[in-house]
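A.B. asks: As a plain string of letters, each chain reads:
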Amino acid sequence: MRHFTRYSTLAKGLFTPRGRQGKKIVVVDVRLTPTARAADYFLQIKPGTDFEVFNALRALIKGLRLGNVDPGTGTVAGVTLTAWQELAQLMQSCRYGVVFFGIGTTMSRGKEMNIELLLTLIRELNRYTRFYAIPMRGHGNVTGINHVLTWQTGYPFAVNFSRGYPRYNPGEFSVVDMLGRREVDAAFIIATDPGAHLPRAAVEHLQKIPTIVLEPHCNLTTPWAQVVIPVAPAGVGAAGTFYRMDNVPLRVKKLVDFPYPSDEEVLRALKERIANA
Amino acid sequence: MLKIVNGQVYDPINGVRGAVKDICITGGKIVAEEGNKPARPGCDGVEIIDASGLIVMPGGIDIHSHIAGPKVNSGRLLCPEDHYDYFTVATPWQRSSTGYTTPGTFLTGYLYARMGYTTVFEAAAPPLKARHVHEELQDTPLLDTGCYTLMGNNYMVMKVLSDPDGSRRQERLRELVAWLLGSSKGYAVKVVNPGGVENWKWGRDKVDLDTPVPPFDVTPRQILLGLAGAVEELRLLHPVHLHANHIGQPGNYRTTLATMGALAGRRLHLTHLQFHAYEATPKGGFRSAAPQVAGYLNEHPEFTCDVGQIIFGPATTMTADAPLQFSLHRLTGNKWGNCDVEMETGSGVVPLVYRPQSLPNAIQWAIGLELFLLVTNPWQIFLTTDHPNGGPFTAYPQVIRLLMDGDYRRAQMERLHPKVKDYTLLAELDREYTLEEIAIITRAGPARALGLKHKGHLGAGADADVAIYRPQQDKEAMFARPVYVIKGGKIVVRDGQVVDSCYGKRFLVSPPAPNRLPEELEEDFAAFYSISLSNYTVEDAYVARPEVIPCA
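As they're listed, the protein sequences go chains A and B.
Going by this note's numbering, 261 is the number at position 270 of the first sequence; the sequence numbering is gapless.
Going by this note's numbering, 338 is the number at position 187 of the second sequence; the sequence numbering is gapless.
It should be emphasised that the hints constitute simulated quantities derived from the structure, not laboratory data.
Note that the Cβ used here is the ideal one computed from N, Cα and C, for glycine as well.
List time: in silico BS3-like cross-link candidates among lysine-lysine, alpha-carbon distance up to 27 Å:
1. B/K656 <-> A/K244
2. A/K102 <-> A/K53
3. A/K53 <-> B/K486
4. B/K486 <-> A/K102
5. A/K53 <-> B/K357
6. A/K262 <-> B/K656
7. B/K154 <-> B/K604
8. B/K180 <-> B/K154
9. B/K604 <-> B/K180
10. B/K641 <-> A/K262
11. A/K3 <-> B/K310
12. A/K14 <-> B/K310
13. B/K434 <-> B/K357
Residues from chain B that face chain A, not an exhaustive set, calculated with beta carbons under 10 Å:
14. P221
15. Y235
16. F238
17. T239
18. T256
19. R282
20. H283
21. W353
22. M494
23. D675
24. A678
25. I682
26. E690
Let the hints inform the model, and build the full structure from the sequences given.
C.D. replies: Structure representation (structure tokens):
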């Protein structure tokens, strides 16, 4: 809810001095959530219709007629055309709009096609007003690793170094696919819990190979990992840099002394050992 | 100790024009020769580089290049196709990386060093994201670096400028500029399309020098004059580094001349001037206004500029000039991303390809070269491609050949759209640059404009950054592959290959003002920034090897 109070709905800005009252909030989701309850409008769509929704909005903003939808009684994705028309009008006429989108859009059927279409919609809206899209990142500092990989290798994720230089191909070199094809014969895991987040087939393969984890807590990976190296969590026992999901880099401080080394210290020590082996 | 013997030295700052001279290096610095004692190889720990028949110059300095930070990374992210065919493999001295117009940080360092460049300034850092810029610069090897802090569309700057009380206004602005520089660990004040980016955020059109810009109704002229005044009062070494209004638009040379006129008699650096020297034609196209702009510069030695030469082939345009990027996207239909940095600026990225057969591109190419050839004093004009906006920095040797070799230039003009001769006068210019002039526009000049007294020359006390080239008829081949490059006294490149790795320094300034936000603005900061004041300043941990250059 910090997102609400600090950044999006309740926060008062230089040009939105009345906070929540100066803003219109629309939630498009498959179910009624606490976020949806706090919105001015809630459009409950059928699951898996993101692509359809973005396409309909693009058409309405361009002033095109939706051929197979009756202008009076028709629906798109289970929501009346009138509601979509109102939304299109609102998006086009606002002074400054932001779409926050989450894994419902990025991980449902269509995946990158959904995002491409959403970004096309945003691009077209900029002919009328200023409109932005910000992905709601699930885990802590995903944005950070994307940035570091991009400036070092040129690619944000799914980077393969097996030929001595970085190659990029999501779907081929991404972790779920590599594990699913059982191409991986050892795993080194930093700052994430694959046991909790990866598909079952991927986890089963991880359990069969040597898996090393840097992790301060017990989680769903540590019980079966071959080696667990406890580390000090960044922002508590070690300093570090976090990239907020709108790409603002922030320093996190070391608050207390921790009995464990930081991720960086462990990685550095391992690198030295390997280099001098 | 390292001694470079019998080389033909080009060191314009010390007035050396090709004389055969020995250069001695100790402890990363160039030192005076100790008498005429002949150095004996193997004795006294003296390492000798025999530079007989070779050309010795100070290491190259790029005064304006986009190599690190949020928008550069957005460019890399937006264009993986830029990387697939261009990569380095890991070696004991090199880390692997990829990219052509937007190379990764490691590759950026290697590619610059392999051309004999040893110092590069990142041209645009938004203060809120300066930490990101410094993180990338930390990962850029073999180069001394610094960055310029964006201020031309900053809310607090505009708010202070809207204060009717003149003396209070200037004092607050001075404090604010000092604090922004200190917080972002920047080297100079960068101004991009003053007021124009903010105006676009309000859905409005392009701005002239006297267009009032919401929300504070200050004009680009006020922003520019205010910041120039603050820079002078703070005695910063580099003047305002200006990307003027109306970039890339036909007829914009009038704005460029008016901008220079507004600051006549004061120092100013105009960046990528090529993009600001277009005269409108009746049909809506543009022709070269290089003669008018160069003519003005020739009468005003207080101004410096860099060219922003375009290079035929792929480029990735990236700038804090958000409206420009949106119109480029509309114009080309190419992919596009813009960003809004809350209280401070905007930015955008659009990849494109410059083609010799495209008339507008051919005219742009010719205008860049005209500026080089028409500005008579080489200390006022520096070599840049506004990397990667006009093309990648790896094309500098090609530009050097275009400047030094009239026949080559004329041959290249034959490749262009045939009508380019109607819109430019490049074909009539016969000037050829000398090696000394090249040494000025790529090293000595930028060092002087940046106020770096220990860079860009080979006199005693200078940093031991040296590039040694083998003279060749083909100047492109000569400057693309130095025989040796020495960085801080260490040989880092041999025959165009990286042979050692090290990380350079970061240049900072410490202006004579308290490094804190003026009190009246603290409330605004707390109310309107999405981070708190105590988290704003870039910590010292992000600059491993700082070098603070004392103000003038």
